[in-house]
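Generate coordinates for the entire structure from the input sequences, incorporating the hints supplied.
Protein chains: 2
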Amino acid sequence: MVKKSLITGGAGFIGSHLAKCLLDAGHEVTVLDNLFTGTKANIYQLLDNPRFTFMLHDVTQPFWGQFDEIYNLACPASPIHYQRNPVETIKTSFLGMMNVLELALKTKAKVFHTSTSEIYGDPFVHPQPESYWGNVNTIGIRSCYDEGKRAAETLCSDYVREYGLDVRMIRIFNTYGPHMHPQDGRVISNFIMQALHNRNITLFGDGTQTRSFQYVDDLIRAVRLFMELPHSRVKEFFKDHGMSVPVLNVGNPGEYTIRELAEETLRQIPESKSQLVYEPLPKDDPKRRKPDISLAGELLGWTPDVPLQTGLARTIEYFRSI
Amino acid sequence: MVKKSLITGGAGFIGSHLAKCLLDAGHEVTVLDNLFTGTKANIYQLLDNPRFTFMLHDVTQPFWGQFDEIYNLACPASPIHYQRNPVETIKTSFLGMMNVLELALKTKAKVFHTSTSEIYGDPFVHPQPESYWGNVNTIGIRSCYDEGKRAAETLCSDYVREYGLDVRMIRIFNTYGPHMHPQDGRVISNFIMQALHNRNITLFGDGTQTRSFQYVDDLIRAVRLFMELPHSRVKEFFKDHGMSVPVLNVGNPGEYTIRELAEETLRQIPESKSQLVYEPLPKDDPKRRKPDISLAGELLGWTPDVPLQTGLARTIEYFRSI
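Line by line, the protein sequences are chains R and W.
For the first sequence, the working numbering assigns the number 1194 to the initial residue and increments by one for each residue that follows.
For the second sequence, the working numbering assigns the number 1194 to the initial residue and increments by one for each residue that follows.
In short, the hints are calculated from the structure, not lab data.
Only a predicted model underlies this, so the values are computations on that prediction, with no experimental measurement involved.
A few of these clues could be false.
Same chains, same names: a pair is fine if it fits in one copy or spans any two.
[To be verified] With a cut-off of at most 25 Å between alpha-carbon atoms, the simulated DMTMM-like pairs for lysine to aspartate or glutamate come out as follows: (1) K1196 / D1241; (2) K1303 / E1421; (3) K1299 / D1251; (4) K1432 / D1315; (5) K1303 / D1251; (6) K1301 / E1281; (7) K1197 / D1241; (8) K1213 / D1498; (9) K1428 / E1295; (10) K1466 / D1377.
Right under this line is the structure:
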C-alpha cells in the first residue's frame, strides 16, 4: 500500500528536499506550510505530481488528516526569521508540535521530529553527544527558538513515555544546500550571496570560531534510514543505550573555521571582487558546535559523505540560478 | 480605586497565601484554579469576603476578565503531581502562560509570573545568580516541569521585548509553610508527615545533599515589594544590570543538609517514634541548589527573615491541625 506522508514546513529548505525524496520513493506526500519562510518555488517541480498535495495552513492551528507518518519540520530556523516575531516562533515550535502529536495519537501515525543542535546552546562539552543537556539562556533574544525547540523535545518525550507513540527525533546540526533562503542571514547563504554580488564578506568576531556544515542530502539520507527502521528495533536500541526516547544527532563533524569557509567560497567564485571584513559577535551567538554522531553511525550505519567543496559547489550553482 | 487582582493557581499552597495577603491589603481578588492540586480548604477562610471570588477554570483554556494585575501561579509544582500527567503539566505551564499574557496584553494588566529554581536544573554554578543559564535535561522525566517553566520564562521575555508588557518574574526556590500539600512528596511535607505518623523518615542518597528552605511569608513579602514598584523603576534597574527582562531569585540561601532537616523535624516532634532510613537517589534529582539573592536585596531591600526553626514550627502546627 502506498505510504501517506505529511510534512509540516514542507515548502522550506529541508522540507522540500524531504518531499522530493519521499515522492521518489513512491509515497503520497502532503506538504503543510504557511509560506512564512518556505516558498512555492521550492516545491514548484513537485506540484504536477499526482501523488503530491499542497496545504496552505499554519501548524499553530489544529489540522486533520489520515497519514501513516508525519514529519514535523515547521519552524523558522534562522535568527533573522525567527527573531522577527519571537512570540510566533515559540508558538510555532510548541503548538505545532502539540498539534502534530495529538493528530498522530488519534490517527496512529508515526512521527518524525526535527530538533536542532540549538538545544545545546553554547555548549561546555565538545563535541556534543545526545546525552549532553546543553547550555541555553531562557530569557535572551534567541530563546524563542532554542527554548521552543527544547520544549518540543520534551513534549515528544512525554508522548512517547505516556502514550507509547512512535516518535523519532533528530537533532540537526548546521545544514546547507539548494533551497536555502538567500536572505536567511546564515553564514553559508550570506557568504555566497555576498561573493556573488561583489559585496564584502562579513566575519563576526575574529572568524576563528568553528562550525560543522552538513550537506542536505546527507541529512535526508539519515532521516530516511531512521524512519525505515521497525519500531521495536528503535525502542530496543535506545533502551540499550539508557535512553527512554529516540533522539539522534545528525550533522557533519568536520570542522571549519568561518574564515576557511569564506576563503573556500571565494575560491569557488573566482570572479568575485569581495573582500573579508570583520564585525563584533552578536549577543548570545553560540561559539562552537560539533556533533558526536556515533549513535547515528551505530543505529543507521550512516556517516555524512558529501565533502564541503562538493556541497558548496552545488549550493553556489543553485544561488546562481535564482 | 480598589485594585483588581487575578491569581491563577490561587487555591494552591503559595497562591492561597498571596490571595489572603492581597485581600488584607484591600484588593479585590479573583482566584482561578482547576483544583487539581489546589483545594477549597486553602481558601475556605476567604470565601465569605465580599472582595473575594473563586473561578473554577483550567488555565490551559482561554479566559477573560478585566484585572489590574494577574499573578500566574498555576502549575503543579511537585514531582509527584507533575509527573502524574506530564503532557498536561507542560501544557499548563506553556498554554497557561500564553493565556495570561494574551489577556494582559488586551486588558493592559500588569503580570507577575512565578518561575522556579528548577529552571537551573542540576547547576554547575553555586549559588545560582539570575544570569546563570542552568543545566536541564530536555528529554527526562522531570522535563515536563523544568522545560515548561523555562519556555514560560521565554514567552514572558518576548512579550516584554515585543509588546512592552509589564511582566515581573520571580524564580522561587524551595518554599514551605502551611497549606503545603501533605502528599506532595517534597522533603519537608514528607518528613513532617512521616514523623507525625511514626513512619520511618526516608532520606534519598546519603542525606548530605543540601537544600535551601524559604518560609512562605518571606516569599509573599518579596512578591508584594516587587509588584509595588513603578514600572519605570523596574525597567531602569534591570537595564542597569544588563538584563532586558525583570527576573529575580527569591529564596533563602541558608543551607541545610537533608539529614539536618530530618533531625530538626524530629526534635520538634519529640513524641515521634520515627527512625531515619536511606534509599537511592531518584533519576534526574537535582543535587544542590542555593539562590544568589543579591539582586532582590538591591532592588527590594529584601532578605528572608524567618528562621527554619520558626517556620518549621508553624508548618508542623498546620500539619497537626489537618
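Hints and how they fare:
no.	hint	result
1	K1196 / D1241	within (19 Å within a copy, 62 Å between copies)
2	K1303 / E1421	within (11 Å within a copy, 51 Å between copies)
3	K1299 / D1251	both (20 Å within a copy, 23 Å between copies)
4	K1432 / D1315	between (28 Å within a copy, 23 Å between copies)
5	K1303 / D1251	within (21 Å within a copy, 30 Å between copies)
6	K1301 / E1281	between (28 Å within a copy, 20 Å between copies)
7	K1197 / D1241	within (17 Å within a copy, 59 Å between copies)
8	K1213 / D1498	within (20 Å within a copy, 65 Å between copies)
9	K1428 / E1295	within (21 Å within a copy, 40 Å between copies)
10	K1466 / D1377	within (22 Å within a copy, 67 Å between copies)
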